[in-house]
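Q: Spelled out, the chains give:
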Amino acid sequence: MIDIQGLSKHFDKVVAVDGISFKVNKGEIFGLLGENGAGKTTTLRMLATMLTPTSGTAKMAGFDIINEPEKVRSSIGILFGGESGLYDRLTAEENISYFGELNDMDRTRIKERIKELARIFNMEDYLKRRAGKLSKGMRQKVAFARAIIHDPDIMLFDEPTSGLDVSAIRDVHEFIKSCKAEGKTVIFSSHSMDEVDKLCDRVGVIHKGKLVADGTLDGIKSEYGDQDLENIFIRLVGGKSEA
Amino acid sequence: MKLKHVWIVFKKEVRDIIRDKRTIITSIFVPMILIPVMNMLVGGNVERLNRDITENITIALSESSNTEEIKNIVKNEIIKDYPNISLIEVDNPTQAISESKVRVVLDFEVDYSAKLNEGKPFVIKLIYDKSQTKSEGSLGFIWEAIDNFNRKTVEKRLNSYGISKDVLTPVVIEESNIASEEESAGSLLALIFPLLIVLLMSSGGIAPATDLVAGEKERNTLEPLLTTKPGRSSLLVGKYLTVTLFSFITVITTMVGVILGYIVNPSSFSMGSSTSITGVSIPPLALFLVIIIAMALGMTFSALQIALSTYAKSFKEAQTYLSFLMIGVMIPGYATMFMQPKEIPVYMFFVPVLNALSALKTVFGYSINYTYLFITLGSSVVYVIISLWLTSSLFKKEKYLFRS
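If you read the sequences in order, they're chains A and B.
Heads up: the first sequence begins at 741 in the working numbering, then just goes up one per residue.
Heads up: the second sequence begins at 20 in the working numbering, then just goes up one per residue.
So here's chain A without its partners, still in its complex pose (with noise of 0.2 Å):
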């Protein structure tokens, strides 16, 4: 579903991204572990087809980042951690529409995918709110709204953690886990080693630019032989924070 190919970003001098290559099956939720500043960010953001890789390229459900960036952004769906991203001033629903209507669904389908979606997250009292008048949990919820509105087969999480609080982070990870029971496939980016343990069917470690590690998290446990993944992390990261 998502096969990446010797990517690479370099901004000016900076290598942020140096050649990384590793698959995604279908279905499969991919943790891509790494500090602060390690490609994490860049790396999505080749993949979402928002920034230009310098070199390689990554076909997403089978669409070419470089030359069908349309077709690629079709098909995937992205949260960002931190701020929701929302427009204040529309309702949650005006938010989630413009996503749908953007993305080329038909109003039909939309209103049928909000009132679904909106069962889901529970939604229903605020659909008709504006989104600068809403809680921060709420917010979240329509960003989750937004993001799968048309469906997409892949979705990306960028650090979707960041900056929560401890129930709002579990909201995240049953989103996470529902996109997974719904047969999407999943590249999840986090600095948490608890979150990417407990979620990610596999794992790449990402460093400097580099992968440095890529398999199973048994996989990746037996080979270092330690139970501990954040033992494994500071091995393979050198024990000295990019930050």
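These aren't lab readings, by the way, just hints derived from the structure by calculation.
For each residue, glycine too, the CB sits at the ideal point set by N, CA and C.
Wrong hints could be hidden among the right ones.
[As the list claims (entries may be wrong)] Computed, partial: chain B to chain A, Cβ under 8 Å:
{"#": "1", "residue": "D35"}
{"#": "2", "residue": "T42"}
{"#": "3", "residue": "E174"}
{"#": "4", "residue": "N178"}
{"#": "5", "residue": "E194"}
{"#": "6", "residue": "L245"}
{"#": "7", "residue": "T247"}
The hints should help you fit chain B onto chain A, whose structure is shown.
A: Coordinates of chain B only, in the frame set by chain A:
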């Protein structure tokens, strides 16, 4: 680029901005209500001031001149033909000026009577307060009244010698204004309207342009938008059309405000002066061309505003850049404000901003040259294309779009 996507973005941006009270207040309510109200207030004040200066002039005599004889001369000879000037009694004449009870105090030379009888000049000192507009403004009327007294006295003296007063007037001046009613009225319009329209066209899009790119970057709404199906060109054009629309709305609402102000109080337009703007009729083709030129200017500025908003790292930085852009309009605007439409050099019809100002001046100044108007239209279209190309290049550059 797909028109369907452009339309979706445009619809959403317009809806979003319409719900932003700040933008609606600055784009619609302020120009539509505040400008005519201010014009009316300032115009009304100027008119009232002019009326006060002209109609209710109070004068007094200095303590040394306050005699029945001098009072008689002033009342019956100097201000007799000036019902708007009245001589009043005050205890302290100089203080009365400061207290605005009296505009001017007349102080006659001590031996004025002897000099008057001997046919020699005597001095009337006019005491006034330059810091008081009404006191200074009334001075001219006193001068005129005394000048009139001088002329009558000279006439009497010449008559006593049997000489006609005509010897004092070898030349009689007659004026003949060759400007048509339209041209006379147009000169006032050519002074105000070009600058007003250009300033509004270049400023109307500032709030939406800042909000739609730099604002989106700051609020983290741009990144999710960039992951949707439409290409960047569709997103950019949707935003660009929104900014352009609000530039036009600002101009239209302001012009409506100015016209409303004129209808309610015609003197508001000329700020209380007596200049009339009636009798203006611009040929339809010239009006059409000048509207297109003004719109092209608005389109150029909308593109530049989005370019600067894209380049800016933050909302505040965008506001700073855009205020600098305004200075770039104000300098040529004010520099050419008093330039006469017939004296505009040809090169100005090619230079950005100056071309629109010049075209507007010629049309409102009723000095229409269609060749120049078409040159302006051509150069304006070129600037629209250049600005759009620049903005499009910038909007596609990752290092600007993702800088923060």
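Q: Could you run down the list of hints and mark each one as holding or not?
A: Hint-by-hint comparison with the structure:
1. Hint status for D35/B: holds, given a least beta-carbon distance of 5 Å to chain A, under 8 Å.
2. Taking 8 Å as the C-beta contact cut-off toward chain A, the hint placing T42/B at the interface is violated, the least distance being around 10 Å.
3. For E174/B, the interface hint is violated, the least distance from its beta-carbon to any beta-carbon of chain A being 79 Å, above 8 Å.
4. For N178/B, the interface hint is violated, since its Cβ never comes within 8 Å of a Cβ in chain A; the closest pair sits about 85 Å apart.
5. Of the supplied interface hints, the one on E194/B is violated, with its beta-carbon coming no nearer than about 61 Å to a beta-carbon of chain A, more than 8 Å.
6. At a threshold of 8 Å, the smallest CB-CB gap from L245/B to chain A is about 5 Å, leaving the interface hint in force.
7. The beta carbon of T247/B comes within 4 Å of a beta carbon in chain A, closer than 8 Å, and the hint placing it at the interface holds.
Checked against the numbered hints above, the structure violates hints 2, 3, 4, 5; every other hint is satisfied.
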